[in-house]
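What follows is the residue order along each chain.
2 protein chains.
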Amino acid sequence: MLVSEKTGVNVMQEGHVTSPAGFSAGGVHCGLRRKKLDFGWLYSEVPAAAAGVYTTNSFQAAPLQVTKDAVAVENKLQAVVVNSANANACTGEQGMINALAMQKQAAEAMNLSPHLVGISSTGLIGVQLPMDKISTGINAVDLSVNQASLFEQAILTTDTITKHAAVSVEIDGKRITIGGAAKGSGMIHPNMATMLSYVTTDAAVEPEALQLLLSQTTDKTYNMITVDGDSSTNDTVLVMANGKQENKPLSPSHPEWDKFAEAFVIISEILAKKIARDGEGATKLIETAVKGAVSEEAAGKIAKTVISSNLVKTAVYGADPNWGRVVCAVGYSGEPVVPETVDVFLGDIQVVENGLPLDFSEEEATVYLENGTITITVDLKQGESEAVAWGCDLTYDYVKINASYRT
Amino acid sequence: MLVSEKTGVNVMQEGHVTSPAGFSAGGVHCGLRRKKLDFGWLYSEVPAAAAGVYTTNSFQAAPLQVTKDAVAVENKLQAVVVNSANANACTGEQGMINALAMQKQAAEAMNLSPHLVGISSTGLIGVQLPMDKISTGINAVDLSVNQASLFEQAILTTDTITKHAAVSVEIDGKRITIGGAAKGSGMIHPNMATMLSYVTTDAAVEPEALQLLLSQTTDKTYNMITVDGDSSTNDTVLVMANGKQENKPLSPSHPEWDKFAEAFVIISEILAKKIARDGEGATKLIETAVKGAVSEEAAGKIAKTVISSNLVKTAVYGADPNWGRVVCAVGYSGEPVVPETVDVFLGDIQVVENGLPLDFSEEEATVYLENGTITITVDLKQGESEAVAWGCDLTYDYVKINASYRT
Chain A
1 MLVSEKTGVN VMQEGHVTSP AGFSAGGVHC GLRRKKLDFG WLYSEVPAAA
51 AGVYTTNSFQ AAPLQVTKDA VAVENKLQAV VVNSANANAC TGEQGMINAL
101 AMQKQAAEAM NLSPHLVGIS STGLIGVQLP MDKISTGINA VDLSVNQASL
151 FEQAILTTDT ITKHAAVSVE IDGKRITIGG AAKGSGMIHP NMATMLSYVT
201 TDAAVEPEAL QLLLSQTTDK TYNMITVDGD SSTNDTVLVM ANGKQENKPL
251 SPSHPEWDKF AEAFVIISEI LAKKIARDGE GATKLIETAV KGAVSEEAAG
301 KIAKTVISSN LVKTAVYGAD PNWGRVVCAV GYSGEPVVPE TVDVFLGDIQ
351 VVENGLPLDF SEEEATVYLE NGTITITVDL KQGESEAVAW GCDLTYDYVK
401 INASYRT
Chain B
1001 MLVSEKTGVN VMQEGHVTSP AGFSAGGVHC GLRRKKLDFG WLYSEVPAAA
1051 AGVYTTNSFQ AAPLQVTKDA VAVENKLQAV VVNSANANAC TGEQGMINAL
1101 AMQKQAAEAM NLSPHLVGIS STGLIGVQLP MDKISTGINA VDLSVNQASL
1151 FEQAILTTDT ITKHAAVSVE IDGKRITIGG AAKGSGMIHP NMATMLSYVT
1201 TDAAVEPEAL QLLLSQTTDK TYNMITVDGD SSTNDTVLVM ANGKQENKPL
1251 SPSHPEWDKF AEAFVIISEI LAKKIARDGE GATKLIETAV KGAVSEEAAG
1301 KIAKTVISSN LVKTAVYGAD PNWGRVVCAV GYSGEPVVPE TVDVFLGDIQ
1351 VVENGLPLDF SEEEATVYLE NGTITITVDL KQGESEAVAW GCDLTYDYVK
1401 INASYRT
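So the protein lines, in turn, are chains A and B.
Letter by letter, the first sequence follows residues 1 to 407 of my numbering.
Letter by letter, the second sequence follows residues 1001 to 1407 of my numbering.
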């Protein structure tokens, strides 16, 4: 998505989760990981309107329930603390006790009511949180410093790079900013994966409108990425809007709501794509655009089916213009498809027309597939709806990383 | 499944598709592949009752339609010819013309009506069949020889071994035999994958009963295997029952129908497991058994979700007892699951009880996971239904094979 000239959303070159006014963040090493940072915090000067979306996995981790309950009290959060290396998932009653203790200790350290503190955990499943180390992390929280990059590092697991962004847009004559930090890597699939994303804004936003916007945006962005088809127990996207710009609180009845909503979609898409590109072992970002579908839902399902195909993913890794695997995945998506109208493009190179292969230059297509970003477009020519999904190639390194994660 | 003492089904040590009386088979090299055999035929002395199941992929290859139409004429087939290396899929009108020509030429060579000849193709998608080579194959058909192993080789693509089996059982005081040959390897997933299976029997079976038995058995066997989640355009299972044993034609009203049905399920399961074990790059067969489910459908969906998880597959490859990935896959299967009642076993080693990890010996579990066959059992303790699915580990070689299939 490009920046709209109409709405004037500006993508900042060096944006962070603390680019919006009134937010600070930091991260430390508390001993959960060998050397890397493993405990981070995000803080707003004032309570912020909050909204969240969470994994649909039946085995939802304890911190998600604790955070949901916290937000439910008055739709506000003022801080979030996050640990990596341990997911506090499949940990039963003790896991819930630990999650509540983590929230309570963090709240005390920041002098807040517990219900204003969200918590997240990511990492290995089924091991109780070592609460001494969590306490070490909490005791190291220092709200006088602001180092977003440390927060961004502390939330990572097998990610190779930090993921952050910020956009700004004028609302009520004030320049409001939306920032974000995320982590992803493995277990990434539609419906929230081992994915954490924190979005901040200094705009004032009505909580109900914020939740609705987040839910709708998630369906078009975070839920359209996949790394390996595995949806995790811990996926969470949290948004905090602290109102420091003192605009008239945003909701769909605000004349500039659409601008804000567009800015929100843009930053969500940027973060989602960064997660997909940094999938475990990935060397390429793959974008599958499906158009001409009878419904957005059908387009989305087909786009996700293609991006989830191990055969498509390995073909892209090998720079092999094996369009047959794309067509095959379109065919088993479960959505009704008319083979005789399907066109497929690799980048700008059309390889299939009306379900039949074209005599394209394999050499040219191979050169295209050696790029770092690959777009596969499927035009069903059956309707007007479209959708885009993002994923990555399947490589030796994916196998290497996941055949030895624990040991 | 073990041989039932009650029904006396006997699994033959060296069984082939031609073990039943009155069948012969052969294979040759016709030039579609560099050196390996690439054209095979299967023949019955007399017209045989026939039944088939076919891929649900929207892009169904031309030979499937031709075979379906042939069977539809009088529910009989007397021969099947198969080529590998080229799938005749996504080939449009010309593909259909070629498929019909392949059928017609083969029928002439064997002196049969075309509607008694089924055809299959497997291999690359989107390239027209080189009909000169197909003719070379057809001209080489020699019904005076009987070399099942050549047929079994000729139908392979990236398979590393041939897949064949036979069972026998007494019906009406006569020993009837069911034989089979199959190929699999990549694009293997529930609902028929690049999977071809040919099952023969010298029993007399009513065509409608044969079709029903095949459809029901397929749901429990071939449709419960997965290699990579990709369902191909060409999957086919064909059964031919030539009645050479002159038993009273079998149908559910025959007093020994259950024995025959069990024998049919046994051979189908043997072939399905052989396909799963020889998945592209696989080093291990994984069996996921889900029990205590509220319905067979739920059990099947969960079993297939676990066996399809790239993270579970890589963990098994790495002999890593990462039960968290199993639990996670159970959780995102889409079936309602109560985390607090879920037990998980790796072989006989219980690793999860009531949703919580047990303090099992990692060393012992790792040793178990180094076996060639791995069983993962999930007990939901919610009902009485169960299902089993089969798959394989995800390895470096899977990536290697599929990143360079065409080139």
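These aren't lab readings, by the way, just hints derived from the structure by calculation.
Every value quoted in this text rests on a predicted model; they were computed, and no experiment measured them.
We treat Cβ as the ideally placed atom computed from N, Cα and C, and that holds for glycine.
It is possible that part of the hints are untrue.
Here are the computed distance ranges between Cβ atoms for each label pair [what the hints assert, rightly or not]:
no.	chain 1	residue 1	chain 2	residue 2	range
1	A	Gln128	B	Glu1364	52 to 62 Å
2	A	Glu353	B	Lys1400	26 to 36 Å
3	A	Ser113	B	Glu1362	40 to 50 Å
4	B	Glu1340	A	Ala72	15 to 25 Å
5	B	Glu1297	A	Ser144	51 to 61 Å
6	A	Gly334	B	Thr1160	27 to 37 Å
7	B	Asp1397	A	Gly334	21 to 31 Å
8	A	Glu353	B	Ala1140	16 to 26 Å
9	B	Thr1373	A	Ser113	47 to 57 Å
10	A	Val367	B	Gly1372	48 to 58 Å
11	B	Glu1108	A	Phe360	32 to 42 Å
12	B	Asp1397	A	Arg175	29 to 39 Å
13	B	Glu1296	A	Val367	48 to 58 Å
14	A	Glu353	B	Thr1160	52 to 62 Å
Partial list, computed: chain A residues near chain B (C-beta under 7 Å) [claimed, not checked]:
no.	residue
15	Ser58
16	Phe59
17	Val73
18	Asn75
19	Gln245
20	Asn247
21	Tyr317
22	Gly324
23	Tyr396
In silico BS3-like pairs for lysine-lysine, Cα to Cα no more than 27 Å straight-line [said to hold, decoys possible]:
no.	chain 1	residue 1	chain 2	residue 2
24	B	Lys1076	B	Lys1220
25	A	Lys301	B	Lys1301
26	B	Lys1076	A	Lys400
Going through the hints against the structure:
{"no.": "1", "hint": "A:Gln128 / B:Glu1364: 52 to 62 Å", "verdict": "violated, 22 Å"}
{"no.": "2", "hint": "A:Glu353 / B:Lys1400: 26 to 36 Å", "verdict": "holds, 32 Å"}
{"no.": "3", "hint": "A:Ser113 / B:Glu1362: 40 to 50 Å", "verdict": "holds, 42 Å"}
{"no.": "4", "hint": "B:Glu1340 / A:Ala72: 15 to 25 Å", "verdict": "holds, 22 Å"}
{"no.": "5", "hint": "B:Glu1297 / A:Ser144: 51 to 61 Å", "verdict": "holds, 58 Å"}
{"no.": "6", "hint": "A:Gly334 / B:Thr1160: 27 to 37 Å", "verdict": "holds, 31 Å"}
{"no.": "7", "hint": "B:Asp1397 / A:Gly334: 21 to 31 Å", "verdict": "holds, 29 Å"}
{"no.": "8", "hint": "A:Glu353 / B:Ala1140: 16 to 26 Å", "verdict": "violated, 36 Å"}
{"no.": "9", "hint": "B:Thr1373 / A:Ser113: 47 to 57 Å", "verdict": "holds, 55 Å"}
{"no.": "10", "hint": "A:Val367 / B:Gly1372: 48 to 58 Å", "verdict": "violated, 42 Å"}
{"no.": "11", "hint": "B:Glu1108 / A:Phe360: 32 to 42 Å", "verdict": "holds, 37 Å"}
{"no.": "12", "hint": "B:Asp1397 / A:Arg175: 29 to 39 Å", "verdict": "violated, 54 Å"}
{"no.": "13", "hint": "B:Glu1296 / A:Val367: 48 to 58 Å", "verdict": "holds, 50 Å"}
{"no.": "14", "hint": "A:Glu353 / B:Thr1160: 52 to 62 Å", "verdict": "violated, 36 Å"}
{"no.": "15", "hint": "Ser58", "verdict": "holds, 4 Å"}
{"no.": "16", "hint": "Phe59", "verdict": "holds, 4 Å"}
{"no.": "17", "hint": "Val73", "verdict": "violated, 25 Å"}
{"no.": "18", "hint": "Asn75", "verdict": "violated, 27 Å"}
{"no.": "19", "hint": "Gln245", "verdict": "violated, 39 Å"}
{"no.": "20", "hint": "Asn247", "verdict": "violated, 39 Å"}
{"no.": "21", "hint": "Tyr317", "verdict": "holds, 5 Å"}
{"no.": "22", "hint": "Gly324", "verdict": "holds, 3 Å"}
{"no.": "23", "hint": "Tyr396", "verdict": "holds, 5 Å"}
{"no.": "24", "hint": "B:Lys1076 / B:Lys1220", "verdict": "holds, 24 Å"}
{"no.": "25", "hint": "A:Lys301 / B:Lys1301", "verdict": "holds, 18 Å"}
{"no.": "26", "hint": "B:Lys1076 / A:Lys400", "verdict": "violated, 50 Å"}
Of the numbered hints listed earlier, those contradicted by the structure are 1, 8, 10, 12, 14, 17, 18, 19, 20, 26.
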